[in-house]
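Enquirer: What follows is the residue order along each chain.
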Amino acid sequence: MKHEHVQQAAQELQLLHSSGEGVVFHGWSMIPTLVEGDQVILESVAFQEIRPGDIVTYRYRDKLPTRRVVSCRRNYLLLWCDNWPDMRFRSNYSDVLGRVTARIRDGERLEVDNAAWQKETTRAMQEYRASHAKYLLRQTRRFIGKHLLFHHVPPQHG
Amino acid sequence: MTIFHVNKESVASQIVDGEAVVINSNTSEYFSLNHFGTVIWQEINTATETLEKLTETTALNYGIPTHCVAKDVEDFTERLLEYKLISPCKNVTSEQTNCVVNSAIELPSGPYEPPKIEKFGDLQTLILSGE
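So the protein lines, in turn, are chains Z and U.
The working numbering applies: residue 159 is where the first sequence begins, and numbers increase by one.
The working numbering applies: residue 176 is where the second sequence begins, and numbers increase by one.
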C-alpha cells in the first residue's frame with residue numbers, strides 16, 4: 159500500500175477515535191458556531207443519517223474541511239460556511255468522515271442537542287435560505303436581462 | 176495456548192484494499208499490515224479462531240510445513256505485542272480450543288507471504304479547516 163494511502167487511512171482513524179479531547183478547528187469560516195481553536199467532537203455517520211443543518215467533516219485532497227450541510231442531493235451534499243454566505247461547496251457522500259456532535263470552547267462543552275446549538279443551527283439555516291433566495295433572484299434577473307429585455311430585434315426597413 | 180485481544184481503548188484499525196491500517200493513540204504511531212498480517216489481525220480482532228488453527232489452515236492451504244508458518248505467526252504477534260497493539264487474553268485448554276468453530280478463514284490468494292507489519296512515523300496533530 160502506498161504511504162499516502164496509509165497516512166490518509168490513519169488520519170481518518172485518528173479523527174474518529176479522538177472522541178475524548180476532540181480535534182482542533184482552524185479558521186473563521188464557521189463563526190459563530192465554530193471559531194479558531196475550538197475542539198470539535200465528531201462521530202462516524204451513515205450517509206442516510208445526514209440532515210441539512212448538520213456540520214460534517216469531509217475529505218478534500220489533504221484537508222479536512224468542516225462545513226454545514228444545507229442540502230442532501232441524490233449524489234452529493236451541498237455545503238456552506240456560516241460566515242461565507244456567498245460560497246457553496248460540494249462533497250460526495252463517500253468523502254464524509256464524520257459529523258460534529260459537540261464543541262469545546264474555553265473548557266465548556268456544548269452538545270449539538272443543546273438548545274443554544276439548535277438555535278444557532280436554525281439561525282444559520284434561515285440565513286442560508288435567505289441567501290439562496292437572493293441568489294435565485296439574481297439568477298432570474300440575469301436570465302430576464304439576457305433573454306427577454308435585451309432581445310435583439312432587427313430594424314424594419316420600408 | 177495463548178489467545179490475544181486487541182487493545183481497543185487505544186488501538187483502532189480499518190482495512191484498505193485488503194490491508195489493515197492500525198493506529199495506536201497512546202503512542203501516536205501508525206502501522207500497515209500486509210495481506211496475511213491482516214488475516215491474523217482480523218482473527219485476533221474478532222476472536223473467532225485461535226491462531227494455532229489459523230496456522231494449520233494456512234500451512235495446509237499453501238503446502239508449507241506447519242512449524243514454518245507457526246514461527247512466522249509467533250514473530251508477527253511478538254511485534255504486535257511490542258507495539259502494544261494487542262495483549263495476551265487468557266490461557267485456554269486444548270479442549271476449550273476445540274470448541275471454537277472455524278467459520279471460514281479467508282486466506283490471501285497467490286503465493287505465501289509471511290505476515291508483516293510496517294511502522295510509520297508519528298501521527299500528526301489533526302486540524303479541521305473551514306477554509
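Hint data in this document are derived by calculation from the structure and do not stem from the laboratory.
Quick caveat: nothing in here was measured; it's all calculated off a predicted structure.
Don't take each hint at face value.
Here are some chain U residues the structure puts well away from chain Z; computed CB gaps all over 12 Å [claimed, not checked]:
{"id": "1", "residue": "246"}
{"id": "2", "residue": "256"}
{"id": "3", "residue": "263"}
{"id": "4", "residue": "285"}
{"id": "5", "residue": "287"}
Chain Z side only, calculated, beta carbon under 10 Å to chain U, not exhaustive [said to hold, decoys possible]:
{"id": "6", "residue": "183"}
{"id": "7", "residue": "184"}
{"id": "8", "residue": "185"}
{"id": "9", "residue": "187"}
{"id": "10", "residue": "200"}
{"id": "11", "residue": "203"}
{"id": "12", "residue": "222"}
{"id": "13", "residue": "223"}
A virtual CB, placed ideally from N, CA and C, is assigned to each residue, including glycine.
Enquirer: Each hint needs a verdict: does it hold in this structure or not?
Expert: Hint check:
no. : hint : result
1   : 246  : holds, 25 Å
2   : 256  : holds, 20 Å
3   : 263  : holds, 23 Å
4   : 285  : holds, 16 Å
5   : 287  : holds, 19 Å
6   : 183  : holds, 5 Å
7   : 184  : holds, 5 Å
8   : 185  : holds, 4 Å
9   : 187  : holds, 3 Å
10  : 200  : holds, 8 Å
11  : 203  : violated, 15 Å
12  : 222  : holds, 5 Å
13  : 223  : holds, 6 Å
Consistency note: the structure conflicts with earlier hint 11 alone.
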